[in-house]
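Student: Each chain is listed here by its residues.
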Amino acid sequence: MEQRPYWNPYKAGFLLGLVLLGSFVLTGRGLGASGSFKHVVAAGLHAVSPTWTEENVSVGRFFADPSRASMDDWIVWLTAGTLLGGAVAVVTARRFKAETVMGPRADRRWRWVLAGAGGALAGFGAQLARGCTSGQALTGGAQLALGSWLFMLCVFGGAYALAWFVRRQWI
Amino acid sequence: MEGPLSVVLRFSHPVEMIASVLVGMGFGFALERAGFGTARNLAAVFYGRDFRVLRVMFTAIVTAMVGVYFLDLAGPVPLSTLGILDTFPAAQAVGGFLVGAGFIVGGYCPGTSLVGAVSGKLDALLFIGGLLVGTLVYTLGADTFAPLADAGGRGRVLLHEWLRLPSGVVVFAVALLAVGAFWAVGRIERWVNRRAAPAGQGPQGVPAGAAAAERRAP
Numbered sequence: 001m002e003q004r005p006y007w008n009p010y011k012a013g014f015l016l017g018l019v020l021l022g023s024f025v026l027t028g029r030g031l032g033a034s035g036s037f038k039h040v041v042a043a044g045l046h047a048v049s050p051t052w053t054e055e056n057v058s059v060g061r062f063f064a065d066p067s068r069a070s071m072d073d074w075i076v077w078l079t080a081g082t083l084l085g086g087a088v089a090v091v092t093a094r095r096f097k098a099e100t101v102m103g104p105r106a107d108r109r110w111r112w113v114l115a116g117a118g119g120a121l122a123g124f125g126a127q128l129a130r131g132c133t134s135g136q137a138l139t140g141g142a143q144l145a146l147g148s149w150l151f152m153l154c155v156f157g158g159a160y161a162l163a164w165f166v167r168r169q170w171i
Numbered sequence: 001m002e003g004p005l006s007v008v009l010r011f012s013h014p015v016e017m018i019a020s021v022l023v024g025m026g027f028g029f030a031l032e033r034a035g036f037g038t039a040r041n042l043a044a045v046f047y048g049r050d051f052r053v054l055r056v057m058f059t060a061i062v063t064a065m066v067g068v069y070f071l072d073l074a075g076p077v078p079l080s081t082l083g084i085l086d087t088f089p090a091a092q093a094v095g096g097f098l099v100g101a102g103f104i105v106g107g108y109c110p111g112t113s114l115v116g117a118v119s120g121k122l123d124a125l126l127f128i129g130g131l132l133v134g135t136l137v138y139t140l141g142a143d144t145f146a147p148l149a150d151a152g153g154r155g156r157v158l159l160h161e162w163l164r165l166p167s168g169v170v171v172f173a174v175a176l177l178a179v180g181a182f183w184a185v186g187r188i189e190r191w192v193n194r195r196a197a198p199a200g201q202g203p204q205g206v207p208a209g210a211a212a213a214e215r216r217a218p
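Read top to bottom, the protein sequences are chains B and V.
Sequence positions in the first sequence follow the UniProt record's numbering and run 1 to 171.
Sequence positions in the second sequence follow the UniProt record's numbering and run 1 to 218.
Hints listed in this document are in silico derivations from the structure and should not be mistaken for laboratory results.
There may be inaccurate statements among the hints.
[Said to hold, decoys possible] A short, non-exhaustive set of chain B residues, derived as facing chain V with CB atoms under 8 Å:
#1 S58
#2 F62
#3 T133
[Said to hold, decoys possible] Derived CB-CB ranges, DEER-like:
#4 P50/B to R154/V: 31 to 37 Å
#5 V179/V to G157/B: 20 to 26 Å
#6 A146/V to R109/B: 43 to 49 Å
Note that CB positions come from ideal geometry on N, CA and C, so glycine has one too.
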């Protein structure tokens with residue numbers, strides 16, 4: 001059977017906006033993703049060296065409450081929901097396809113290397129900025145937070161500045 | 001009593017976490033249906049071929065912004081009861097540039113890579129592996145990066161406070177800016193795609209269905 005088409009982008013944006021608004025009304029918090037990666041890394045480091053991790057300026061506060069597991073945090077649950085909701089959407093649209101996404105002129109191995117390298121850049125950048133495209137740009141953008149708008153401009157600026165150099169990957 | 005439901009109704013920890021799972025499900029579902037589960041649709045925005053990413057993001061921001069500021073002015077959920085992001089100009093500028101670089105080099109951002117992974121995309125899985133490495137490097141060197149991360153911290157600054165304008169004026173201006181951007185990117189797309197593809201063929205790298213949906217869009 002044929003896959004379902006994507007939503008019209010304005011419809012998708014409107015519904016994504018309602019999810020974000022619903023999140024503010026329900027819990028007072030926005031959306032996010034990079035915070036969960038921080039929790040996973042922190043839990044891993046804590047397993048290796050508890051004292052060092054508890055004193056770390058970036059992740060130490062995750063372990064401040066000894067009565068609760070560090071992973072039992074709203075952002076981790078939100079990411080579990082994101083994976084689940086995404087999976088439901090993929091399955092109901094019959095869109096699951098195991099593949100490497102790349103442009104017609106790209107080399108598969110290079111695409112794999114650059115996918116990992118891009119992830120590392122984005123992971124580091126999101127920690128420094130205290131959020132990613134969802135936690136900063138989307139959430140802070142809707143709140144009209146000054147720093148989030150600066151972040152968003154720099155995301156687009158950075159990507160457009162480098163687009164020419166990696167064009168073989170995509171077009 | 002005013003504020004988010006979790007405060008007004010005094011959600012217990014488990015109830016609050018279930019609320020987060022439900023919000024996350026809506027988030028993941030909307031991202032997938034927006035077409036953000038594949039890097040092809042995401043990277044296209046940076047080559048002027050398909051501004052789906054910009055349309056979805058700006059529409060979402062304007063929708064939530066109008067709701068947030070309406071609920072603030074009308075009273076039930078004042079802005080002061082929401083978790084608002086602080087401004088750290090240096091960290092947000094440098095971090096934003098790196099996230100943007102990672103986006104075009106790797107094809108995803110942290111949120112979309114999750115949806116890409118459940119869509120079966122191997123590159124999204126590798127991107128997630130990279131995210132963990134980048135996060136680990138930052139955490140290991142957190143003391144070294146802290147001066148940059150905290151430089152010029154200004155606490156909670158909202159755009160309209162910074163511009164010394166009433167919030168309603170800035171909300172209206174941002175909405176207007178979005179509509180202007182939607183008009184402009186439509187023209188850029190037509191120009192780029194006329195140059196990129198011979199007559200009669202869809203634009204490269206953009207699924208024919210997505211391109212057709214664009215043309216039907218208001």
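Student: None of the hints should be skipped; say for each whether it holds.
Tutor: Hint-by-hint comparison with the structure:
no., hint, in the structure
1, S58, "4 Å, holds"
2, F62, "11 Å, violated"
3, T133, "4 Å, holds"
4, P50/B to R154/V: 31 to 37 Å, "34 Å, holds"
5, V179/V to G157/B: 20 to 26 Å, "22 Å, holds"
6, A146/V to R109/B: 43 to 49 Å, "37 Å, violated"
Going down the numbered hints, you'll see the structure goes against 2 and 6, while the others check out.
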